[in-house]
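Line by line, the protein sequences give chains A and B.
Position one of the first sequence corresponds to residue 1 (this note's numbering), numbered consecutively onward.
Position one of the second sequence corresponds to residue 282 (this note's numbering), numbered consecutively onward.
None of these hints come from the bench; they were simulated from the model.
One should not assume that every hint holds.
[As the list claims (entries may be wrong)] No farther apart than 30 Å at their CA atoms in a straight line, the calculated lysine-lysine pairs in the BS3-like style are these:
no. : chain 1 : residue 1 : chain 2 : residue 2
1   : B       : Lys-579   : A       : Lys-145
2   : A       : Lys-112   : B       : Lys-574
3   : B       : Lys-574   : A       : Lys-168
4   : A       : Lys-172   : B       : Lys-483
5   : A       : Lys-147   : A       : Lys-168
6   : A       : Lys-145   : B       : Lys-574
7   : B       : Lys-387   : A       : Lys-145
8   : B       : Lys-460   : A       : Lys-168
9   : B       : Lys-414   : A       : Lys-172
10  : B       : Lys-579   : A       : Lys-168
11  : B       : Lys-414   : A       : Lys-147
12  : A       : Lys-160   : B       : Lys-579
13  : B       : Lys-580   : A       : Lys-147
14  : B       : Lys-477   : A       : Lys-99
15  : A       : Lys-172   : B       : Lys-579
16  : A       : Lys-160   : B       : Lys-580
17  : A       : Lys-147   : B       : Lys-387
18  : B       : Lys-477   : A       : Lys-112
Note that the coordinates shown come from a computational prediction; the quantities given were computed from them, not determined experimentally.
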Amino acid sequence: MKFMNRLKQNKDISTDSDIISAQSALVDNPDGVAFDIRDLNLYYDDFQALKDINMEIKDRSVTAFIGPSGCGKSTLLRCLNRMNDLIESSRVEGEIIHKGQNINSPDTDVVKLRTEIGMVFQQPNPFPKSIFDNAAYGLVCQGHKNKSFLREAVEEALIKAALWDEVKDHLKRNADSLSGGQQQRLCIARAIALNPEIILMDEPTSALDPIATSRIEDLITQLKQEYTIVIVTHSMSQAARVSDETAFFLLGDLIEFDTTDNIFQNPRDSRTEDYISGKFG
Amino acid sequence: MKGRRYLSDRIFRGIFLFAALFAAAMIVLLLVFVTVRGIQPFLPSYPERQSILPFLTGMRWRADQGVYGVGFIIINTLVGSILGGLLALPLAVLSAIVIGRIAPPKISQALTTVVETLAAIPSVVYGVFAAGKITALVDDIASTFGISTYGGSSQLAVILLLAIMTYPTMTSLTISGIKAVPLTLDSASLALGATKMETYFKVVIPGARSSIFAGFSLGLGRAFGEATAVSMVAGNALIGPTTSLFERTRTLTSTILAGLHETVGLDYDIRFSVGVVLMIIILVTNAMIFGVKRHFDKKAEGK
Numbered sequence: 001m002k003f004m005n006r007l008k009q010n011k012d013i014s015t016d017s018d019i020i021s022a023q024s025a026l027v028d029n030p031d032g033v034a035f036d037i038r039d040l041n042l043y044y045d046d047f048q049a050l051k052d053i054n055m056e057i058k059d060r061s062v063t064a065f066i067g068p069s070g071c072g073k074s075t076l077l078r079c080l081n082r083m084n085d086l087i088e089s090s091r092v093e094g095e096i097i098h099k100g101q102n103i104n105s106p107d108t109d110v111v112k113l114r115t116e117i118g119m120v121f122q123q124p125n126p127f128p129k130s131i132f133d134n135a136a137y138g139l140v141c142q143g144h145k146n147k148s149f150l151r152e153a154v155e156e157a158l159i160k161a162a163l164w165d166e167v168k169d170h171l172k173r174n175a176d177s178l179s180g181g182q183q184q185r186l187c188i189a190r191a192i193a194l195n196p197e198i199i200l201m202d203e204p205t206s207a208l209d210p211i212a213t214s215r216i217e218d219l220i221t222q223l224k225q226e227y228t229i230v231i232v233t234h235s236m237s238q239a240a241r242v243s244d245e246t247a248f249f250l251l252g253d254l255i256e257f258d259t260t261d262n263i264f265q266n267p268r269d270s271r272t273e274d275y276i277s278g279k280f281g
Numbered sequence: 282m283k284g285r286r287y288l289s290d291r292i293f294r295g296i297f298l299f300a301a302l303f304a305a306a307m308i309v310l311l312l313v314f315v316t317v318r319g320i321q322p323f324l325p326s327y328p329e330r331q332s333i334l335p336f337l338t339g340m341r342w343r344a345d346q347g348v349y350g351v352g353f354i355i356i357n358t359l360v361g362s363i364l365g366g367l368l369a370l371p372l373a374v375l376s377a378i379v380i381g382r383i384a385p386p387k388i389s390q391a392l393t394t395v396v397e398t399l400a401a402i403p404s405v406v407y408g409v410f411a412a413g414k415i416t417a418l419v420d421d422i423a424s425t426f427g428i429s430t431y432g433g434s435s436q437l438a439v440i441l442l443l444a445i446m447t448y449p450t451m452t453s454l455t456i457s458g459i460k461a462v463p464l465t466l467d468s469a470s471l472a473l474g475a476t477k478m479e480t481y482f483k484v485v486i487p488g489a490r491s492s493i494f495a496g497f498s499l500g501l502g503r504a505f506g507e508a509t510a511v512s513m514v515a516g517n518a519l520i521g522p523t524t525s526l527f528e529r530t531r532t533l534t535s536t537i538l539a540g541l542h543e544t545v546g547l548d549y550d551i552r553f554s555v556g557v558v559l560m561i562i563i564l565v566t567n568a569m570i571f572g573v574k575r576h577f578d579k580k581a582e583g584k
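Take the sequences, apply the hints, and build the full model.
Here it is in structure tokens:
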């Protein structure tokens, strides 16, 4: 709330309508559903990467997508903020309802959508700029120029991403000077700075060592108080540790979607059981 | 067997060393030769001895009167080359963005070939084109302002010619710089709600700035050193500095080249002095560009 109040004070850009729309997120999603995916099909040219996906992703929880390589889990994640638009050959059918709107509709303001839905990538990919400029990037693109506003927003984002104590004395240093785990937390901070409602994470720890991984996992657990998190992971133990619900994909099909406890303890589909018990993958 | 292989290894090491030393020796030889010849006219033993200060600051080059001043020529060279380079720079960066990011692969490949071909065209061909087309264009522009030119030979013609000639060098270096910026950074920027244009200008171009500076300094090097084509449109003014875009100009290179084989004595020897001045200017300019680049690098690290 402190952050929202500050947004309100910043006269440059924020208007009251921004705040109302952000606060009404819960009202727009009365069932606590962040995404309602309906009959989603995705093709790369002739290849069908996603087949009739139907699922509801809950608000303020962690949803994990698991499955072997090429199962479509990352593709589905990239549908949620329309990043698949960047792949020329991709074609999407079906609906993804978010806040009462179909985000696949041509009327969607994709740029605005992506400020509301943050994304963290597989490889830490900070910009070759200072730590401060990385964290402030999204806000600067939004047109925020007020230095003290940016400083506060950067500090708050870095605190939330559990990076502030490590970098507060050298915010001007290039982000390349950070370790891989710090870089990935900076990428999380960069997304948080925009005060999104949802954070998408595409295998965020696959390039990190075990200690950095466990710090990111702790962070995910903290962040779910405030954000809806969707995480793609290759690590089943990670899905079991951090997620509330888990979806298992295979060759573009959603095989099973249930609470994480049920998926890992009482899977209904034998293919799910085979995958989580390590028979293939 | 081991002995023979060891021997051939040593022989090849000798050949490599010789090749490297030969290249280094050529550079040293050239610098020494030009410099030694270039200072001759200023030595007491020289029959028509010149003074260094009037030579460097002189605003007239009247071989017929035995007056040799390169001051205005230095100014004209700097203005013509730098304005030409600055005109080409934004075009080069924008073209490189189109080729490196926006255009579909086939078109991008075709455009790259065009740029590489442009870079390979001999300068005399640019010169013929400039003498035939650019001068006519400049003359037309001048006459709409009611100004008459010397058949279009002018500072503006030199600037336009040098912009065209430096463009391919700057563009190809910038393309390689832009292609070296990882696409994952574009994704990161777009996922943060940046538009494609914001991504190009805030992430891709800053990421390629080393190559952009390298391209700019190579392009300027070509502009400073270009003799043939420039001579064809400069008009070789006798006094200066040139203050109007439509007036004739004279560059260091065109001064060295003009009538080189029809002259002897001081008028011949002094051209080596002009060559020394040109080398110094190029060195100083490159050092300055490097300084600017350092400044940008520091700025990019933090505010």
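Comparing the hints with the structure gives:
no., hint, verdict
1, Lys-579(B) to Lys-145(A), "holds, 21 Å"
2, Lys-112(A) to Lys-574(B), "violated, 35 Å"
3, Lys-574(B) to Lys-168(A), "holds, 28 Å"
4, Lys-172(A) to Lys-483(B), "holds, 17 Å"
5, Lys-147(A) to Lys-168(A), "holds, 16 Å"
6, Lys-145(A) to Lys-574(B), "holds, 25 Å"
7, Lys-387(B) to Lys-145(A), "violated, 40 Å"
8, Lys-460(B) to Lys-168(A), "violated, 33 Å"
9, Lys-414(B) to Lys-172(A), "violated, 51 Å"
10, Lys-579(B) to Lys-168(A), "holds, 19 Å"
11, Lys-414(B) to Lys-147(A), "violated, 52 Å"
12, Lys-160(A) to Lys-579(B), "holds, 28 Å"
13, Lys-580(B) to Lys-147(A), "holds, 16 Å"
14, Lys-477(B) to Lys-99(A), "holds, 25 Å"
15, Lys-172(A) to Lys-579(B), "holds, 10 Å"
16, Lys-160(A) to Lys-580(B), "holds, 27 Å"
17, Lys-147(A) to Lys-387(B), "violated, 44 Å"
18, Lys-477(B) to Lys-112(A), "holds, 13 Å"
Checked against the numbered hints above, the structure breaks hints 2, 7, 8, 9, 11 and 17 and satisfies the rest.
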